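K.L.:
These are the residues of each chain, in order.
Number of protein chains: 2
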Amino acid sequence: MNTQVQQGFDVGAHVAKLASAARSASHALARSSTDQRNQALLTAANSIESDTVAIKKANQIDLQLSRGKNLDDAMLDRLELTDSRIALMVEALRQTAELPDPVGEISGIVQRPSGIRVGRMRVPLGVIGIIYESRPNVTADAGGLCLKSGNAVVLRGGSEAFNSNRAIVACLQSGIESVGLSSDVVQYIDTTDRSAIDEMVVLEKLIDVIVPRGGKGLIERIASHSKIPVIKHLHGVCHVYVDDTADMEKAIPIVINAKTNRYGVCNAIETLLVAESVSDDVLSRVVPMLIEKGVELRGCETSRRMFPEMLAAKESDWYEEYLAPILSVRVVSGLDQAIEHIRKYGSEHTDSIVTESINRAQRFLREVDSSSVMVNASTRFADGFEYGLGAEIGISTNKLHARGPVGLEGLTMQKFVVYGDGTIRE
Amino acid sequence: MNTQVQQGFDVGAHVAKLASAARSASHALARSSTDQRNQALLTAANSIESDTVAIKKANQIDLQLSRGKNLDDAMLDRLELTDSRIALMVEALRQTAELPDPVGEISGIVQRPSGIRVGRMRVPLGVIGIIYESRPNVTADAGGLCLKSGNAVVLRGGSEAFNSNRAIVACLQSGIESVGLSSDVVQYIDTTDRSAIDEMVVLEKLIDVIVPRGGKGLIERIASHSKIPVIKHLHGVCHVYVDDTADMEKAIPIVINAKTNRYGVCNAIETLLVAESVSDDVLSRVVPMLIEKGVELRGCETSRRMFPEMLAAKESDWYEEYLAPILSVRVVSGLDQAIEHIRKYGSEHTDSIVTESINRAQRFLREVDSSSVMVNASTRFADGFEYGLGAEIGISTNKLHARGPVGLEGLTMQKFVVYGDGTIRE
Numbered sequence: 001m002n003t004q005v006q007q008g009f010d011v012g013a014h015v016a017k018l019a020s021a022a023r024s025a026s027h028a029l030a031r032s033s034t035d036q037r038n039q040a041l042l043t044a045a046n047s048i049e050s051d052t053v054a055i056k057k058a059n060q061i062d063l064q065l066s067r068g069k070n071l072d073d074a075m076l077d078r079l080e081l082t083d084s085r086i087a088l089m090v091e092a093l094r095q096t097a098e099l100p101d102p103v104g105e106i107s108g109i110v111q112r113p114s115g116i117r118v119g120r121m122r123v124p125l126g127v128i129g130i131i132y133e134s135r136p137n138v139t140a141d142a143g144g145l146c147l148k149s150g151n152a153v154v155l156r157g158g159s160e161a162f163n164s165n166r167a168i169v170a171c172l173q174s175g176i177e178s179v180g181l182s183s184d185v186v187q188y189i190d191t192t193d194r195s196a197i198d199e200m201v202v203l204e205k206l207i208d209v210i211v212p213r214g215g216k217g218l219i220e221r222i223a224s225h226s227k228i229p230v231i232k233h234l235h236g237v238c239h240v241y242v243d244d245t246a247d248m249e250k251a252i253p254i255v256i257n258a259k260t261n262r263y264g265v266c267n268a269i270e271t272l273l274v275a276e277s278v279s280d281d282v283l284s285r286v287v288p289m290l291i292e293k294g295v296e297l298r299g300c301e302t303s304r305r306m307f308p309e310m311l312a313a314k315e316s317d318w319y320e321e322y323l324a325p326i327l328s329v330r331v332v333s334g335l336d337q338a339i340e341h342i343r344k345y346g347s348e349h350t351d352s353i354v355t356e357s358i359n360r361a362q363r364f365l366r367e368v369d370s371s372s373v374m375v376n377a378s379t380r381f382a383d384g385f386e387y388g389l390g391a392e393i394g395i396s397t398n399k400l401h402a403r404g405p406v407g408l409e410g411l412t413m414q415k416f417v418v419y420g421d422g423t424i425r426e
Numbered sequence: 001m002n003t004q005v006q007q008g009f010d011v012g013a014h015v016a017k018l019a020s021a022a023r024s025a026s027h028a029l030a031r032s033s034t035d036q037r038n039q040a041l042l043t044a045a046n047s048i049e050s051d052t053v054a055i056k057k058a059n060q061i062d063l064q065l066s067r068g069k070n071l072d073d074a075m076l077d078r079l080e081l082t083d084s085r086i087a088l089m090v091e092a093l094r095q096t097a098e099l100p101d102p103v104g105e106i107s108g109i110v111q112r113p114s115g116i117r118v119g120r121m122r123v124p125l126g127v128i129g130i131i132y133e134s135r136p137n138v139t140a141d142a143g144g145l146c147l148k149s150g151n152a153v154v155l156r157g158g159s160e161a162f163n164s165n166r167a168i169v170a171c172l173q174s175g176i177e178s179v180g181l182s183s184d185v186v187q188y189i190d191t192t193d194r195s196a197i198d199e200m201v202v203l204e205k206l207i208d209v210i211v212p213r214g215g216k217g218l219i220e221r222i223a224s225h226s227k228i229p230v231i232k233h234l235h236g237v238c239h240v241y242v243d244d245t246a247d248m249e250k251a252i253p254i255v256i257n258a259k260t261n262r263y264g265v266c267n268a269i270e271t272l273l274v275a276e277s278v279s280d281d282v283l284s285r286v287v288p289m290l291i292e293k294g295v296e297l298r299g300c301e302t303s304r305r306m307f308p309e310m311l312a313a314k315e316s317d318w319y320e321e322y323l324a325p326i327l328s329v330r331v332v333s334g335l336d337q338a339i340e341h342i343r344k345y346g347s348e349h350t351d352s353i354v355t356e357s358i359n360r361a362q363r364f365l366r367e368v369d370s371s372s373v374m375v376n377a378s379t380r381f382a383d384g385f386e387y388g389l390g391a392e393i394g395i396s397t398n399k400l401h402a403r404g405p406v407g408l409e410g411l412t413m414q415k416f417v418v419y420g421d422g423t424i425r426e
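Note that the protein sequences, when read in sequence, are chains A and B. Note that my numbering has the first sequence beginning at 1, numbered continuously upward. Note that my numbering has the second sequence beginning at 1, numbered continuously upward.
In short, the hints are calculated from the structure, not lab data. None of the values given here were measured: they were computed from a predicted structure. Just to be clear, a hint being listed does not mean it is correct.
No copy labels: a pair is met if it fits in one copy or bridges any two.
In silico lysine-lysine, DSSO-like type, Cα no more than 27 Å apart, as pairs [what the hints assert, rightly or not]:
(1) 69 x 57
(2) 205 x 344
(3) 69 x 56
(4) 314 x 293
(5) 205 x 17
The following block holds chain A by itself, in its conformation from the complex (with noise of 0.2 Å):
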């Protein structure tokens, strides 16, 4: 039912009912064994897989209707499901079976004088908000790891992907059912009113956490007014600093690679700082790889003495994440101006020093306060599957929970678990 045309609907009670489904739900699912939840996942695969054709048909719709809205042709990609995209879907489903479960292990269990024993059991959270623009991929990949975890999944998609995210979403159902769980645990907000993600994130007895996938805009908006903690980043603005110890045998490579080996991603470097003992060999180096490669160069002053090519950095520069071929360099006097630099502009994302000086190594691992701090290697590293997570629901530069790329431990929680033999306080 897509209920965008209805009069007098209220939203914010249906977002509510389809939420409080979804809690009641999470409890059985909560208790599922591992095999069960694997085997739903394997069965959803099956069943996306089977149901090929239907799901590029409802796709077919979304992509007319957008058509008819003149949406833009990169948002028509993105909503587009080929063979092959829906292959892939297939694919992470079972790798999401195949990965370990991160639900029901007690660790750290100590003995107390008192003749307790404490330990922490590791549980799924309850129930995960997913809200997300275009890609319809989502619904199937992060709906996916929600139920690994063994936590009950309220999505919301783009309203312009409404029918293909509802064929994926049968068959994620249709998988949970096949092991006798209910399929109130994938709840898809089956309306296209805008106001529904407001009402979504005041929900905080309902869902436990928020995970926006999405740009900039619609995580700000979720931010806002999100009454439920958010798993999130905001912009990307990482940073390579060069120290005036670095080999520049790894220096060259990081940079360029940290700037061009993608463009359009969070953990892409949008400004190199250089220090300034090392400036002319830097960047007499890295500067006609860049151009070569297309890459718009905004210098500081002293960069662009060395090369006038280079477009003047504004301050606003510095704050920017270009998601895009745009690099702007700075030199600094070393590394006390690079932490400075970093901390005032940086987005506490991803930031790299390239140093042969374990100290300034260390220094740098210490006092920069990002989500990943990185020694001779190239931000782009910063990622999930790069850092052995085996998955990744998002990337968080939260202070509390999770920082960094976040897997499926990031869907789950700690509690203390207290063994006695009848022992009493005295």
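Add chain B to chain A, keeping to what the hints say.
P.N.:
Just chain B now, kept in the frame of chain A:
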């Protein structure tokens, strides 16, 4: 400066200025050595010890002003600083100095196929906001834990303890200065204007987490206004459930201890749940013992048929945190109904099952969604010291970051550290 009386004073700007100074000073604190921070704590302890007379004098002013405002006796008692209470503050700071440093540990380093090594480094959160009521010892206790964990702290104590708190803060600051760090890392909000709390909890760029210490009213007010994550529990509606598989030799002492060991604490039980088939046995033993200790009993219909001397429990009783010698009693059909009751009426604080069945124990531990779940132990053990955390800044029923008693680790976070050797991403 007590700014209470100034006209046209901008509380918001003042609070932001203090928090901003704490943020700026926090960076140097975060990179201070373990020795430096411990030495600062020991010097602060000595300073409180040698300033005992002056602190008591400041406290006398607070007591006098409060008596003029007709504060009740309980509040005056909490406010009063005696020699022994001051000695306890000194001792707590010395013990905090002796705890292991939670900061700097790098754990879980793995080598990835790409060539990078990835691990996590434990670092301070940055700036902690402590909001508390009339007990001046929180200034030293909570302030000390923040410093120990490398965090700057913004303290906002009750207006009635203004002079006492200022005197203690001066001692903390002198400890900090004695090791060459800026005393700006300990800020005390020196206005008694109550709106200072509302102004403080919206400074999400300057303060990383709020820890409230006080009554339900204070915590609810903070939780509803805060844009900063709050480490908190609102209620402590704790339960003991005596299963039909229970050993009575364990059940009876646990019930009595969990209710009567102390009444005014959050980890005392408010409701006793008993499986029907053993209810006769359990209640005929515990009811006389509880009545003898002066506990008022409020029972469900079934339990009142056995013990008509119980008052009738109203629906609202099951939600109630009495913090008093009152206990509500309900006979349930078995484990399922007990779990359902706790889910509906509990506060996710601490709940305990008494059972000899490993299967029942396992189900209770897994399915009861509380921050501490226990088997055959008194709920009174839910406490950072009893758990071996070395200290307790509070108890959390949050699902993210920290759940249950929160020690020094809860004032830190883990960020990712990546080591390469000129490593780039293909």
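K.L.:
Confirm or reject each hint.
P.N.:
Consistency of the hints with the structure:
Proximity of residue 69 and residue 57 under a CA criterion of 27 Å is satisfied intra-copy only: 19 Å inside one chain copy versus 74 Å between copies. With identical chains, the CA atoms of residue 205 and residue 344 are at most 27 Å apart between copies only, with a shortest distance of 12 Å across copies and 36 Å within one. Taking the closest pair of Cα atoms, residue 69 and residue 56 come within 27 Å of each other only inside a single copy of the chain (20 Å); across copies the shortest separation is 73 Å, beyond that limit. For a Cα distance limit of 27 Å, the shortest separation of residue 314 from residue 293 inside one copy, 23 Å, qualifies, whereas the shortest one across copies, 75 Å, does not.
Proximity of residue 205 to residue 17 under the C-alpha cut-off of 27 Å is restricted to the intra-copy arrangement: shortest distance 12 Å within a copy versus 35 Å between copies.
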